[in-house]
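J.: As a plain string of letters, each chain reads:
There are 2 protein chains.
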Amino acid sequence: MVKYFVGKAKIKNWDKEDVLIWYFPEKVNYSCVFTLNDVKAHPIIFSKEVYKNYKPVSFLFANSGNANCLNGKEGYKAILNIEKKLKDIFKIKETGLFAQTGVIGEDFPEKNVLEVLKNLSLKNFKDLKTKEDLKLCARAIMTTDSFEKYEYYKDSEFEIYAIAKGAGMIAPNMATMLCFVYTNASFSKDELDVVLSYAVEKSFNRISVDGDMSTNDCVFLFSKENGIKVDISKFKKVLTNILKSLAIKIVKDGEGATKVMHIIVKGAKNRERALKIAKRIGNSLLVKTAIFGCDPNWGRILAAAGSVKLGINVNNCTLLIGPYLLFSKGEKTKYDEEKVRKYMEKNEIIDIVLDLGEGNSYEEFWASDLSYDYIKINAEYRT
Amino acid sequence: MVKYFVGKAKIKNWDKEDVLIWYFPEKVNYSCVFTLNDVKAHPIIFSKEVYKNYKPVSFLFANSGNANCLNGKEGYKAILNIEKKLKDIFKIKETGLFAQTGVIGEDFPEKNVLEVLKNLSLKNFKDLKTKEDLKLCARAIMTTDSFEKYEYYKDSEFEIYAIAKGAGMIAPNMATMLCFVYTNASFSKDELDVVLSYAVEKSFNRISVDGDMSTNDCVFLFSKENGIKVDISKFKKVLTNILKSLAIKIVKDGEGATKVMHIIVKGAKNRERALKIAKRIGNSLLVKTAIFGCDPNWGRILAAAGSVKLGINVNNCTLLIGPYLLFSKGEKTKYDEEKVRKYMEKNEIIDIVLDLGEGNSYEEFWASDLSYDYIKINAEYRT
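Protein chains in written order, with this note's numbering: chain A, 1 to 383; chain B, 1 to 383.
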C-alpha cells in the first residue's frame, strides 16, 4: 500500500502541483533503472547510492520544475535536508528514493519545498487507491507534458499502480522521463531487477522524441515485501505492457508531436540489426518532418535505414506505410499517393513496416514527428 | 584546364541551371570520396565502379533536381545513355564521373537531359577561368541551397577551382553534399587519395545540419597529370582550408539555419573523445533549438556532452559561450545572462568552448541551429 501526498511548492512560478511523496508503511523491495548520461543530476547520484547499497527505503520524493542538476554542492545538500525532514515526518530511520525533473543548472528552491513539508504529518497523506489518485500523482511530476500519464492494473491476484512523466528529450536509453510503479505482488530484489530491466528495454528504450538523453531519467519499481505471490513470467508480461502503454503516451505527448510513428523492421538477420534500423528511422529529422507534413516520402525512410551501414540490400527490401506498399525489391510500386497521404492525415499512429528480406527477426520502435511547436517549445523554454 | 557547360534541362519544374558538365581535354588523375550509406544512388554506384578500377576519366556530369536514386533499373540505364552521348560529343573512349542530387525515388527525366545534349558540341563549352565561371557551375548543382558555394585559389605555383553543394541532410560522413575540385598541381592517384581523405575528414566530416546521411554524397578531386609539381604538404594544407571554407558555407546555408555553432572541445584525453563530444553537441536538437532561441542554456550543452557516455567529469569541466565563462568545475558562474544573450543575437557564428579538464587534446566541429524554417522546408519539400 502507498500513502501519497501532492503539494504545490511553487518550484517554478506556476500554480500547479509540483511535489509528490509516496510513503510505504509496509516494507518494500525495489529496483531502479537510471540514466546512463555522464552528467547526472543530484537525485540520480543520491538514489544510485541508495540502490547500490540496497538500503531499505520507505518513501519516494519527486518534484517537477527544477532538475536539481549542475547547480553545485548546494543542490545535493538540499536533498539531504529534505531526506532528514521526511524521516522526521514519518518517524523512520530508513531513507527513500529521489527523482526530480525540470530545468537544468538553476539553484534548487529548497526553501519552497521545506515550507510545504514544515507542517506536514502522516494525516495529510491519502491512500493511493483510485485512478483519480494516480492522475493527481502523475500531474505533480509534469513539466511540459500536456496530459497526465498513468496506468492502473488489477486482476484477481494483484494490482499495479504506475505513473510516468515525459514529453521531450526522450530517446533510447530513457532520456528525460520519470516512471514510478508500485505493486502488491511480492518479489525479491533480484527478481525485480530482471523484470524491470526487461520491461524498460521493451518500452522506454524503444521510444524517441528528439534523440536527446537526460541527466535525470529514472524508473523505480516498488514491490510489497509481504505481498501476494505471483508467477513471475505473468507479472513480467503485465508490467511490460503497462510500461509500453506509458511509453507510447510519452511519444504521443512528445513536444509539439502531431503523429506517432510505429516503426516495424522485419525480415532481418537478427533483432539487433532490426532495432538499430528502426531507431535510426525514428530519429531521422528528415523522416520526422516528412511524417509531420503527411508526405509519404519513403525514400527518406530507406535512406535513413541505409545510413546505419549494416549492409542492407534495397533490392531485397519492401516498405509499407499503413496498408500501402510503396516500395518493393528495388522498385517503387504504382501506389496512389493521394490515398497514402489521406491515411497519414487521418491517423495519429502511422505504421511504417520495412521488410529487409534477409531473415526472420523483427523489432519495433515508436517515435514522434517533428513540428514547428517542438522548435517553439525548445527555443523558448527558459523565457 | 577544365572546359565547362551549364544548361537548363528542366529536371524539375524550375527555370534554373540544373546540368553541369566538366570536360578535361588534358589527362587527369583523380580521387573520390563517396557516401557510406548502404542505399546508394545510381551515380554513386556508377562512379564507385569507375574509381575502383581507376578507369581514365575525361569528364564529370552532374545535375540537380533529381537524385536518380531508388528508382529501379531505368535510373542506371539513364546514366549509361548519358555517358554514351557525352563520349560522342567529346569523341573519346574514356568514361567520366557522375554526381546527382535532388529528390529520391522519382523517375529520372533522362529525356530532358538528352534533349539538352542533343545539339551539344565542344564549341558550347567555355574555359573555367574566372570566379563568375565557378559561380555558374556552383549554381547548376544547387537544390535547396540559397547561395552558390565556390572557392578559387591561386598562388605563384598552382591554382585550385572548387565548388560545393549542400544545405540540408548534412552530417558527419558527408551527408548530401557534392564537391568538385580541379587543380593544375600534379599528383599521382595515391597522393590524391591521401590528401583528399585528410581534407574531407577535417572539413565535410566535421559539419552537421540535421544529422542525416544521404545516398548521393561525393567529393571528386581532379588533378592535371602533366601539371605543376607542388610540395604535397603545402597542397594538403591549401586544399584542407578550401574544403573547410566550403563546409562552413554549407552549414551557414543549412536549411532554415540562422546561426552556426563553432564547437571546440578541448582539454580532452585524446582527440577521438573530443570529436565525439563535439559532434554530439552539434547534433543535439535541444542545443540546436536553444541556439536558435539565443538562449545560453549551457545545461543542455553539458547534458549532450555527458550523453556520449565517455566518463567525463563535470567537476573538471569549464564552458564558455563566446567570451563568457558560464560554468566552471561543477558550478555555474556569476555571468550576466543578458550579455551572453546579446552576444548570441549579434553574431552569426557562436563559439562554444568546452574544456573537459582531463588532458591536452582538442577538436572542432561546425553545426547549424534548428529553426521553424527547417521544418517548413522539410515538411513541404515535395509539395
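Hints in this document: simulated from the structure, not taken from any laboratory. A couple of the hints might just be wrong.
Note that the list lumps identical chains together, so a pair holds whenever it fits in one copy or between two copies.
[Claimed, not checked] List time: in silico SDA-like cross-link candidates among lysine to any residue, alpha-carbon distance up to 20 Å:
| hint | residue 1 | residue 2 |
| --- | --- | --- |
| 1 | K73 | N315 |
| 2 | K48 | D190 |
| 3 | K111 | G72 |
| 4 | K376 | T258 |
| 5 | K339 | F34 |
| 6 | K339 | N313 |
| 7 | K73 | G330 |
| 8 | K73 | K85 |
| 9 | K73 | K334 |
| 10 | K48 | K77 |
| 11 | K93 | L36 |
| 12 | K334 | V103 |
| 13 | K332 | E74 |
| 14 | K234 | S186 |
As the structure is a prediction and not an experimental result, all values here were calculated from the model.
J.: Taking the hints in turn, state whether each one holds.
T.: Against the structure, the hints:
1. K73 to N315: between (57 Å within a copy, 11 Å between copies)
2. K48 to D190: Only inside one copy: K48 and D190 sit 16 Å apart there, 54 Å across copies, limit 20 Å.
3. K111 to G72: within (16 Å within a copy, 66 Å between copies)
4. K376 to T258: The answer is both: 14 Å in one copy and 15 Å across copies each meet 20 Å.
5. K339 to F34: neither (43 Å within a copy, 36 Å between copies)
6. K339 to N313: neither (28 Å within a copy, 53 Å between copies)
7. K73 to G330: between (58 Å within a copy, 8 Å between copies)
8. K73 to K85: Intra 19 Å, inter 72 Å, cutoff 20 Å: intra-copy only.
9. K73 to K334: between (63 Å within a copy, 15 Å between copies)
10. K48 to K77: within (16 Å within a copy, 61 Å between copies)
11. K93 to L36: Answer is neither; intra-copy 30 Å and inter-copy 58 Å both fail.
12. K334 to V103: Classified as between; 18 Å across copies, 49 Å inside a copy.
13. K332 to E74: Between copies only: 12 Å across, 60 Å inside.
14. K234 to S186: So K234 and S186 pass the 20 Å test inside one copy only (13 Å; across, 72 Å).
Going down the numbered hints, you'll see the structure goes against 5, 6 and 11, while the others check out.
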